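Knowing the structure of chain A, use the given hints to seat chain B on it.
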Amino acid sequence: MLHIDLWKRALIWLVCAAGIVLSMPNAFYTRVEGHNDAIAAIEAGNDSPELQAQAAQWPSWLPTDLVNLGLDLRGGAHLLAEVQVSDVYATRMEALWPDVRDALRPERDAVGGVRRVQSAPGELRVRIGNPDGMARAVEVVRGLARPIQTLSGVGANDIEVGTEGDIIIVTLSEAEQQATDDRTVRQALEIIRRRIDAVGTREPTIQRQGADRILIQVPGIGSATELKDIIGTTAQLTFNPVVSRGTDPDARAGTGNKLVPSLDEEGTYYTIESNPVVTGEELTDAQPAFDQNGRPAVNFRFNTSGARKFGDYTRDNIGQPFAIVLDDEVISAPVIQSHIPGGSGIITGRFTVEESTNLAVLLRAGALPAGMTFLEERTIGPELGQDSIDAGKIATAVAFGAVLIFMALSYGLFGIFANIALILNIALLFGLLSLLGGTLTLPGIAGIVLTVGMAVDANVLIFERIREELKTARGPARAIELGYEKALSAILDANITTFITAIILFVMGSGPVRGFAITLGLGIVTSVFTAIFVTRLLVVMWFERRRPKTIEV
Amino acid sequence: MRLKLVPQETSFDFFSRWKLWFGISMVLIVLAAVSFGVRGLNFGIDFRGGTSIRTESTTDLDIGAYRDALNALNLGDISISEVFDPAFGEDRHVAMIRIQAQDDQEAVSAEMIEAVETALTEVVPDIRFVSVESVGPKVSGELIQTAIYAVLAAIGAVLVYVWLRFEWQFAVGAVVALVHDVILTIGVFSELQIKFDLAIIAALLTIVGYSLNDTVVVFDRVRENLRKYKSRPLAEVLNLSINETLSRTFMTSFTTLLALFALIALGGDVIRGFVFAMIWGIFVGTYSSVFIASTILLWLGVKRDWSKTDKNEGNQYANIDA
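Order-wise, the sequence lines are chains A and B. The first sequence lines up with residues 1 to 553 when you count with UniProt numbering. The second sequence lines up with residues 1 to 322 when you count with UniProt numbering.
Please keep in mind that the hints were generated in silico from the structure rather than gathered at the bench. None of the values given here were measured: they were computed from a predicted structure. Idealized CB from N, CA, C, for every residue including glycine. Take the hints with a grain of salt, since some may be wrong.
Below, computed lysine-lysine pairings styled on DSSO-like, alpha-carbon distance capped at 30 Å [unchecked claim]: (1) B/4 to A/549; (2) A/549 to A/471; (3) B/138 to A/228; (4) B/138 to A/486.
Covered stretches of chain A (in silico footprint by chain B; criterion: 3 or more residues with CB under 8 Å from a CB of chain B, positions within the stretch not fixed) [as the list claims (entries may be wrong)]: (5) 220 to 229; (6) 376 to 383; (7) 455 to 462; (8) 502 to 509.
In isolation and in its complexed conformation, chain B is listed as follows:
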């Protein structure tokens, strides 16, 4: 007997309640936009410049004492937070200190870091600075620009690829699903105020890749079924295709989540935000391939007669089920 996440044969009707699913997605997108507008992203130093210091000590962490020590230095906005991880044990207290970029400086000031380290050592004698990272405002501006370009480039490349391999309707469906995923992910980051840095951009692009992976598998089946059932209504063909690939969708999402949950639990606190973004992305990515991408395809309609102009004619995918 095999372990099965979903029954072998399913015949769910994914489109009977499309208004509901679309409504939920719209509400979530609006919420994400509002959260982004009101709270904004908690940018890491990669994107807004400044200095981030990770400290470790064996004594209990007194954030007030840290703050008092640093306030004397007049460094502007400082945030101090304690970091927890199951691997730390009793006498390991880790804090992250973030200091804003100093107004009058293009570059990174070594004196400032030294002053901070001296001030903290006075308060907590056994403090250790396990990592100190500073990014000047000039570079952070460029990094944020590159990040935006990277996400746009990925979405653009995907649009073109799916358009070439399928039809423009498929490409639009896939891209709407991607944008949906990206917006919701950014929304979660702004709502929960999780640090948004370069690694999160990598996670965003991975979500783009993953969500697309899912969408493309469904679309591939849709294309196959469109050839097979030339006269069935589009909604039925879509439903059939999603049902046929449902088992695979769940299997892959499940194995990927299995791996990611191991990573978020055991991989340490440094990449926790990154892994969280990916886990979230797997959920919305799977959801959006089924409910958003396919619904868009249903709306836009699609060319029904694939037999005459086979897009793959003459290449290695030609006539694959002959």
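So that you can see chain A by itself, here it is in the shape it has in the complex:
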């Protein structure tokens, strides 16, 4: 009658044990955090006795996953930035003008003189001297268009050429605008990530949101203004002549030179001339591409003055290496193969496709590609977060104690069973949160407290049902069995409906609200599990041992 298979019992205890083990690090939060930080530092190559000691505070065979604390608990800054993607259109059009002018110059006889006229940003308007040559002019300008390689824009060109009287109007095509927007945001994201990583804060969140927004959350930083300063600093991209290459980090660079490490070759250092040949400000574009042998490479292009400087330098230094340096780290140091006159070139190397894409991003990433407006910014001081944690701890403890006492008073022994399940429930909840890397926020703590209150609901439903079944007097074993069976549909319906709202909150909410949805949703899962498996197992085990003739619930 009241029978639970051995394997089921083993599984239930196993799940509970796993929950306890996984949640345990959270009980020693600062210690485990110190251990994790120390391990990370040691792996990054900074070994020291202090770090070893810090790492030894927590045995490494125990789980080390912690519940992430949200910004409202830890303190830090939150920014929601909108990338002004259309800025890039204007830059592109600026860069296109010399090309258009140069392309039309040989056609002077048919087209007449060309003059740029005032236009909205993102649009290039060129007046031609001889309107009769319009057809030819448009043909020439169209010849400058390049096909776009995107999934959606197959066969499309990057620019659209229209006319209005004696004026040629050049704009970016819609497909190119989309592709540009996407590139711009990815590039901005990459730069922001680099900037923030360079500062070395713990667990920053940098996420793209929607088409043109970026969410940045950095725990532990003083203020949103500080964060904006970090993001706003421009990356310095330069092209420098290489003096020598070596592995000695303390090598003497000599006057006018400096020693910089390689970005991806560990232990390699380059001595370069401090004075760059060209800087990234003169780079107009960089794209992942393939060289003539089909290997991944990166195409880049300079503006007019950059092209002239780069052309002169490459003409005079064939066979010499030059370094592409980003923020005092050498991205790559190719050897100049030939004179590069046109201001565009290709960087080859032993790249994978992914590496060439990243390099292109980094090259474009010299400066933020477009302006950013900040739509939302929040600074939460660490003291406020600590206050919230302290208050949350006390409130949870009191709520927990009150519910435990009340359950024991109301249901006696069965109440104690429910209480054991409730304690396991909290352990499971924290275990799951740590395992999934969930973030605990202040409303999330409220979600836990609510879970404590509501977790007993399933048990209450069962116990009340057992009481009712006892009245029909078919013996305690049967009453317990029926109690569980008949309460099940109400338990499932009641919890599924709450779970639905938790999912909606998770999908639509953000930040703290999402944190609440996570604890509420996981709390439902764990409380149903503990109610219909753990308490049942406890009740059955007790019943098997005692075999009471009558029971009181």
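Using the frame of chain A, we list chain B on its own:
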């Protein structure tokens, strides 16, 4: 001897005065609507944009001095209020300052925040800005839209779920009860002018979930009893079902309230509005499951012969009491 909130056996007649309960609810809903219309909600910056600054200092709070300092900056509507919490102690004075979104700005202006901080530091030298939050008007518009969608989506999902698991009459009853709870909660927030922000939306959805939880437990029993007592009048079956689940209703509401009262008293002032919404929601949610949802069900009537077309036939809930 066990602690019992309600006697084991009850036989209250919940429907003899349904007109009274309905009348009370109608009056409350009208009051909530009037309050909402006249006073409106005290939206936080999440929903109307602007900047909210939490300050702390050890000196006594002089709101007038704060206001004078800020008025010089011409920032439009500014509200300043002192925050009290038992945990603060003697020499901790906390204020919340809210500045409206500036007309000419799509985004957040760092200069404005800096100017405010400088002006306040001049008046109160030891002032600290423990949190500064700004939301631009563009985002706040979107947030309010998302919030409305979230509440509607939750109610819609519930309607569908209850309809699938029970009958359409049950779904209507449950949803009317939910809407009742949501309206009354919004009414309380507008009447008491408690700050209404994103967290309150989360609370609203939790109330939806909780109220439903209660309603569904009663309905589940109604469905069971409808199968058991095929010829008893619907009112009697409903009454019986509510009475049978009454003990559980009170137990669960009580434990949840126990936890929430601990949170509102000790959880700090930051989430007090949020917890208040939930406590209120537990009360109206429990009330509405018993008095509103079931009464609607009584009105609409319900299919009596459940034996022929068992909705659960063939799934895991089939024949649960066989």
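Hints versus structure:
1. B/4 to A/549: holds (24 Å)
2. A/549 to A/471: The hint holds at about 14 Å.
3. B/138 to A/228: holds (19 Å)
4. B/138 to A/486: violated (51 Å)
5. 220 to 229: holds (count 4)
6. 376 to 383: holds (count 7)
7. 455 to 462: holds (count 4)
8. 502 to 509: It holds, with 5 qualifying residues against the three required.
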